[in-house]
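*Asks:* Turn these sequences into a full structure, and let the hints guide you.
2 protein chains.
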Amino acid sequence: MSVTAAKGFTAAGIAAGIKENGNPDLALVVNTGPRRAAAGVFTSNRVKAAPVLWSEQVLKSGELAAVVLNSGGANACTGPKGFQDTHATAEKVAEVLGVGAGEVAVASTGLIGVLLPMDKLLPGVEQAAEALSEHGGEKAAIAIKTTDSVHKTSVVTKDGWTVGGMAKGAGMLAPGLATMLVVLTTDADVESDVLDRALRAATRTTFDRVDSDGCMSTNDTVLLLASGACGVTPEYEEFAEAVRAVCDDLGQQLIRDAEGASKDIKIEVVNAATEDDAVEVGRSIARNNLLKCAIHGEDPNWGRVLSAIGTTRAAFEPDRLNVAINGVWVCKNGGVGEDRDKVDMRYREVHIVADLAAGSQTATIWTNDLTADYVHENSAYSS
Amino acid sequence: MSVTAAKGFTAAGIAAGIKENGNPDLALVVNTGPRRAAAGVFTSNRVKAAPVLWSEQVLKSGELAAVVLNSGGANACTGPKGFQDTHATAEKVAEVLGVGAGEVAVASTGLIGVLLPMDKLLPGVEQAAEALSEHGGEKAAIAIKTTDSVHKTSVVTKDGWTVGGMAKGAGMLAPGLATMLVVLTTDADVESDVLDRALRAATRTTFDRVDSDGCMSTNDTVLLLASGACGVTPEYEEFAEAVRAVCDDLGQQLIRDAEGASKDIKIEVVNAATEDDAVEVGRSIARNNLLKCAIHGEDPNWGRVLSAIGTTRAAFEPDRLNVAINGVWVCKNGGVGEDRDKVDMRYREVHIVADLAAGSQTATIWTNDLTADYVHENSAYSS
Chain A
0 MSVTAAKGFT AAGIAAGIKE NGNPDLALVV NTGPRRAAAG VFTSNRVKAA PVLWSEQVLK
60 SGELAAVVLN SGGANACTGP KGFQDTHATA EKVAEVLGVG AGEVAVASTG LIGVLLPMDK
120 LLPGVEQAAE ALSEHGGEKA AIAIKTTDSV HKTSVVTKDG WTVGGMAKGA GMLAPGLATM
180 LVVLTTDADV ESDVLDRALR AATRTTFDRV DSDGCMSTND TVLLLASGAC GVTPEYEEFA
240 EAVRAVCDDL GQQLIRDAEG ASKDIKIEVV NAATEDDAVE VGRSIARNNL LKCAIHGEDP
300 NWGRVLSAIG TTRAAFEPDR LNVAINGVWV CKNGGVGEDR DKVDMRYREV HIVADLAAGS
360 QTATIWTNDL TADYVHENSA YSS
Chain B
0 MSVTAAKGFT AAGIAAGIKE NGNPDLALVV NTGPRRAAAG VFTSNRVKAA PVLWSEQVLK
60 SGELAAVVLN SGGANACTGP KGFQDTHATA EKVAEVLGVG AGEVAVASTG LIGVLLPMDK
120 LLPGVEQAAE ALSEHGGEKA AIAIKTTDSV HKTSVVTKDG WTVGGMAKGA GMLAPGLATM
180 LVVLTTDADV ESDVLDRALR AATRTTFDRV DSDGCMSTND TVLLLASGAC GVTPEYEEFA
240 EAVRAVCDDL GQQLIRDAEG ASKDIKIEVV NAATEDDAVE VGRSIARNNL LKCAIHGEDP
300 NWGRVLSAIG TTRAAFEPDR LNVAINGVWV CKNGGVGEDR DKVDMRYREV HIVADLAAGS
360 QTATIWTNDL TADYVHENSA YSS
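Protein chains in written order, with numbering that gives the first Met the number 0: chain A, 0 to 382; chain B, 0 to 382.
Derived by calculation from the structure, the hints in this document are not laboratory data. A quick note: this is a predicted structure, and the numbers were derived from the prediction, not measured. Backbone N, C-alpha and C fix where the C-beta goes; we use that ideal spot for every residue, glycine too. Do not take every clue at face value.
[What the hints assert, rightly or not] Chain A is nowhere near these chain B residues, computed Cβ spacing over 12 Å in every case:
#1 94
#2 126
#3 157
[What the hints assert, rightly or not] Across the chosen pairs, the derived CB separations fall in these ranges:
#4 B:148 <-> A:359: 29 to 37 Å
#5 B:332 <-> A:148: 35 to 43 Å
#6 B:347 <-> A:326: 41 to 49 Å
#7 B:235 <-> A:345: 55 to 63 Å
#8 B:204 <-> A:267: 36 to 44 Å
#9 B:43 <-> A:203: 28 to 36 Å
#10 A:350 <-> B:19: 25 to 33 Å
#11 B:318 <-> A:338: 53 to 61 Å
#12 A:332 <-> B:148: 13 to 21 Å
#13 A:21 <-> B:337: 25 to 33 Å
#14 B:43 <-> A:267: 42 to 50 Å
#15 B:345 <-> A:345: 55 to 63 Å
*Replies:* Rendered as structure tokens:
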């Protein structure tokens with residue numbers, strides 16, 4: 000269902016030959032209206048790929064007619080030629096759809112520092128346009144995969160309106176978005192400033208708190224398009240919650256598919272003085288390689304949690320910290336707590352609670368364990 | 000030679016039974032004078048082990064008669080009982096040497112969150128005191144090993160005076176010091192405020208720039224003791240340079256022995272606007288797991304270098320960045336540079352130069368690749 004679950008959208012996913020192995024590598028999502036409102040959130044990495052620079056510009060109008068996405072090449076660090084290629088891609092989409100290039104967002108994913116094979120990509124745009132269908136969402140989701148083992152889609156349907164979406168991402172997942180391309184669509188009749196507000200609120204507590212390996216991509220893009228095709232304008236709170244739910248579901252799917260991971264780790268920071276403190280502590284724990292190795296080995300090594308907390312600027316007293324792993328408070332008041340042998344770590348999901356005993360704020364960060372498979376996936380070939 | 004290369008010091012390393020495998024685990028270093036000046040630098044982790052809290056206090060006097068070090072347990076996150084154990088250890092050393100407990104520094108390394116077996120440690124102190132010798136430096140260096148594959152010592156001898164030292168550390172190496180215990184000694188006749196100045200200057204550009212895995216320890220301790228036994232007071236610059244040289248040598252030994260590493264990576268950031276910018280960029284590159292995996296796979300993946308630079312606050316323009324890997328400028332002006340196939344990565348040392356083109360400051364950070372062996376060492380058992 001994916002991006003075509005909402006009325007007023009068509010999509011396609013095809014193999015343009017950008018990937019040498021012949022797998023699908025080009026997706027097109029088209030808003031058939033009547034409304035063409037759109038909002039976007041992009042990587043906070045200061046080294047931004049050409050398609051990110053382009054899409055940030057075109058989104059200033061608050062309108063998008065289409066999104067073209069390719070896997071097989073990130074078009075990042077490719078200089079003026081890379082930007083020209085992104086521009087040419089948007090122009091080609093505009094030409095085949097009869098819209099303006101300034102209404103076309105572009106997203107790319109794959110290896111950094113390599114120019115895209117435009118002789119394959121541009122004919123691919125024509126092929127994708129011919130394949131556009133109200134049932135094309137699934138194929139579009141498949142075409143944006145890189146090292147993803149599965150494609151990711153999510154749909155929430157409310158009273159007469161729908162929010163649906165697709166995502167790719169399986170590593171380089173980190174803050175200020177992860178290496179992810181996400182396109183969300185809705186047939187609700189919503190203006191772009193409302194889309195923008197709902198999307199920023201949703202990503203702040205979902206994709207922004209997925210931190211697989213601390214590595215921030217040059218290409219992260221999350222777009223939300225509204226067609227207004229169902230004719231319903233929902234209450235803001237209800238709409239924002241639907242957008243959040245789809246983002247949350249897709250974020251969870253990204254973590255579960257993270258490269259080489261054997262454990263999904265939910266880090267819940269509680270009783271922080273501020274939400275920022277809770278997020279900083281959660282991220283510090285999520286990025287501690289030693290802890291991530293310990294979790295892989297099913298070792299409830301809470302000392303590494305405290306060591307990670309100690310590197311932050313958050314408000315806390317070392318002798319008031321408490322840590323629970325899978326429900327067992329292995330650290331109490333900064334020292335030894337319940338028997339660590341009571342911790343059952345056989346299952347894929349691991350739940351760490353870090354109690355800062357400094358206030359009432361909370362945040363949850365998701366990460367993965369660090370495994371030999373992760374090393375293998377990221378050392379055996381360029382990606 | 001280690002800590003007994005300088006005149007006026009005795010040392011010992013023995014097996015007290017703290018480690019279950021019977022390996023040496025207790026070291027004692029004694030300053031026999033005539034001077035007992037000392038300085039120290041400790042972890043900047045806010046969760047500090049009991050021996051760090053103790054040693055910071057005793058060093059306020061600028062004098063130390065002895066240092067007792069144990070492996071087999073970090074005595075971190077052990078609460079009031081842990082601090083009492085550190086205090087009792089210092090008292091025991093004071094008793095057997097006939098000095099004050101306030102002149103005895105304590106350093107511990109090993110698993111966090113476990114109380115030390117004081118019934119073994121205290122008799123061990125007596126045993127170590129009996130074994131003290133002017134040739135005991137090597138044995139002391141061996142007794143502080145944890146996962147270290149080799150013991151680390153270094154000596155610089157100048158005109159009539161010497162600086163020597165020992166170090167342990169093989170992982171959890173990160174900023175604001177690494178998981179390391181270091182004791183340096185000198186027979187130069189130097190006052191504690193000069194020792195302090197020379198030691199801080201030395202650690203800032205050596206140990207502080209060794210960043211193996213981004214994980215900051217609760218126990219990092221670097222001590223410098225001066226006996227004055229040679230009767231020579233060197234010029235400050237010459238003395239500071241000798242201390243820096245020993246710290247640099249020991250820091251290099253730590254990196255070369257990092258857990259599971261197959262590559263030593265020298266990251267040289269050049270043409271930065273400020274030294275702080277250079278250090279921030281160097282650390283960001285050093286901590287990028289995806290890059291560290293790529294280096295392991297001998298893949299000159301410069302896109303991951305740019306992606307890491309992009310996450311910093313340093314002054315730079317993305318389209319002016321240049322990156323060389325082993326002498327080949329694979330990235331020029333933020334885009335594709337020389338042919339990456341020219342990069343020879345067969346050797347253990349890898350040299351990355353990141354040119355920010357934003358000024359004239361520079362900094363060098365040392366790190367390692369990320370390997371399946373690192374994951375194995377840190378997941379297969381608690382450490």
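*Asks:* Does each hint fit the structure? Answer for all of them.
*Replies:* Hints, one by one, checked against the model:
At roughly 27 Å, the least C-beta separation between residue 94 of chain B and chain A is larger than 12 Å, which holds for a residue marked as non-interface. Listed as outside the interface, residue 126 of chain B is consistent with that label: its C-beta sits roughly 28 Å from the nearest C-beta of chain A, beyond the 12 Å cut-off. Residue placement check: residue 157 of chain B keeps its beta carbon more than 12 Å from all beta carbons of chain A (closest about 37 Å). The hinted range of 29 to 37 Å is not satisfied by residue 148 of chain B and residue 359 of chain A, whose Cβ atoms lie roughly 47 Å apart.
Checked against the given bound of 35 to 43 Å, the beta carbons of residue 332 of chain B and residue 148 of chain A, roughly 36 Å apart, stay inside it. The hint said 41 to 49 Å for the Cβ distance between residue 347 of chain B and residue 326 of chain A, and at roughly 44 Å that hint holds. For the hinted restraint 55 to 63 Å between residue 235 of chain B and residue 345 of chain A, the CB-CB distance of approximately 60 Å keeps it satisfied. The hinted range of 36 to 44 Å is satisfied by residue 204 of chain B and residue 267 of chain A, whose Cβ atoms lie roughly 39 Å apart.
The hint said 28 to 36 Å for the Cβ distance between residue 43 of chain B and residue 203 of chain A, and at roughly 30 Å that hint holds. Hint check: residue 350 of chain A to residue 19 of chain B, Cβ distance near 31 Å, so the stated range 25 to 33 Å holds. Roughly 57 Å separates the CB atoms of residue 318 of chain B and residue 338 of chain A, a value that falls within the hinted 53 to 61 Å. Distance hint check for residue 332 of chain A and residue 148 of chain B: the Cβ-Cβ separation is about 36 Å, which falls outside the suggested range of 13 to 21 Å.
The supplied range of 25 to 33 Å is met by residue 21 of chain A and residue 337 of chain B, whose beta-carbon atoms lie about 31 Å from each other. Between residue 43 of chain B and residue 267 of chain A the beta carbons are some 26 Å apart, a value that contradicts the proposed interval 42 to 50 Å. Judged by the Cβ atoms, the range 55 to 63 Å given for residue 345 of chain B and residue 345 of chain A is violated: they are separated by roughly 41 Å.
When held up to the earlier numbered hints, the structure conflicts with 4, 12, 14, 15 and fits the remainder.
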